[in-house]
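Residue numbers (full-length UniProt numbering), protein chains in the order written: chain H, 1 to 427; chain S, 1 to 81.
These are computed hints drawn from the structure, not numbers from a lab.
Treat each hint with caution, since some may be false.
Okay, derived cross-link-like pairs now, SDA-like style, lysine to any residue, Cα gap no bigger than 25 Å in a straight line [claimed, not checked]:
| hint | chain 1 | residue 1 | chain 2 | residue 2 |
| --- | --- | --- | --- | --- |
| 1 | S | Lys46 | H | Thr58 |
| 2 | S | Lys37 | H | Ser378 |
| 3 | S | Lys37 | H | Arg149 |
| 4 | S | Lys46 | H | Val328 |
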Amino acid sequence: MPSSFYSLTQRIMAATLLALLPALVWAQATPTPNRVDGYGAPSTTAPTPPDPSNHGETEVNILSSYYQQDGDHGAVQGGRGTQYLTDLTPTIILNVPLDSVTRVSANVGVDYYASASTDRIDQVLSSPSAHDARYHVDLGYSRQLADKRTIVGVGGGFSKEYDYLSFNITGSWAHASLDGNRELSVAGQAFFDRATLILPAELRTGGGQEHGSGFDTRQSFNLNLVYSQVLTQRLQLAISTELVAQRGLLSTPFHRVYFRETGEALGKAKTERLPRQRYKYPVGLRLNYYATDLVQLRGYYRFYNDNFGITAHTLELETPVKVTPFFVLYPFYRYHTQTAANYFAPYLEHSVFDEFYTSDYDLAGFSAHKAGLGLRYSPVYGLGRFKTPFGGRVAKFKALDLRYAYYRQTTGLTANLISADLSFTMP
Amino acid sequence: MILPTVFSPRVRVVLGGLLLVGSSGLSSCVSVAAYQKMYLNDEDMKLANKRIEVYETNFESYREGAGGANGGKVGGGCGCN
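Please model the complete structure; the sequences and the hints are all you need to start from.
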């Protein structure tokens, strides 16, 4: 058996043990849905305990965001050039109780994005590649078992964009302790992707091919473990890990790399090349403290390590301030720092003798700051009511959440993001 | 627990620290009855990202090589170049 196999096995076992150790000691859970993206994963602990304000109502959330980034280290041009990108993402999330123990969920949305850097795949502006839309649909089913403390779920979905097709399946299990003070949840997810290989214009072979050569695949397997624990009447924590194993195409074919030996001559570049296997070992610690009726503290720390050589630390702090019982302002701050992947080098700094190479600054060493402000308005009787086309049922506009974030990396990349979440319920 | 030597000393220190924080937290916890959970049941005390944070988490998983354990997208389609 190859020694790398033992190394991998040891790493996975070690990370799993680290995540499970508290659970092995205490074995139990609180409401801890770690995933909110709806990528086929039913919210593992959604009705645990049942939301007292939700009496079997259908919940509808309309989410949307506008994202804009800019920088001058575009990977398409080998680590230089524009990173300007905009992304508009309307999404609808449905959560429908079929009976007192069963729920189905749906997450449907579109990403409309315009990327100035992908325009440079053809080395000319105004190509159709500058714009694209990604459609995604995810469905989930969850059921509370007879013991009232265990929830199981299954789900699946797909996403489609011009050069990328992805399917996913998921399964989850969550179990709470008798007193509801502890919870352990486990979710597994598998992605099966197919990418069209779009090469930079000057690297296409055969001359007549518009988009290089053929297809490639990628598989991703995620194991998400969350253990949460009530510590006092005002304090609770959660430890989580999300082990990831990926294999297949992990590089982006239209990312160029220029080498110091051959210079910047057009046609001398190669397409980015990365290993075809990647393993990630992140561990997160979340700590929430109800300081006063006016202010709460939400803290999160994450440690990350992977076999690409990246080590990272992320720290987040959010302090919700209750201006009134129904109006909350929550300033937040996030700090992230990571080391560069072993395969990263800036423009013209790779050698042609390197086995793997990328000039994608997402894999560079940098620090990032994010700060912003959110506000939530959720009056007890809702913001309004209106009749729906569905049998004249009356829907309640329950809550409004708005959020702005400013993000800056030491690479020079900056981003602005505005998000909105409109919550509705229907009896 | 002796952390496996496959991790570098620095990584072991961080993982050990996390473990210590988690374990010490657990050993100091008290049993909180359901009627005593008025603070813990507050919307802002949920041990999870807010739903509205999903977009930020997603773009961070694209723009930072170190993604995972935060509920962000770690597989599937791109949608962001």
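Outcome of the hint check:
no.: 1; hint: S:Lys46 - H:Thr58; verdict: holds (21 Å)
no.: 2; hint: S:Lys37 - H:Ser378; verdict: holds (21 Å)
no.: 3; hint: S:Lys37 - H:Arg149; verdict: holds (17 Å)
no.: 4; hint: S:Lys46 - H:Val328; verdict: holds (15 Å)
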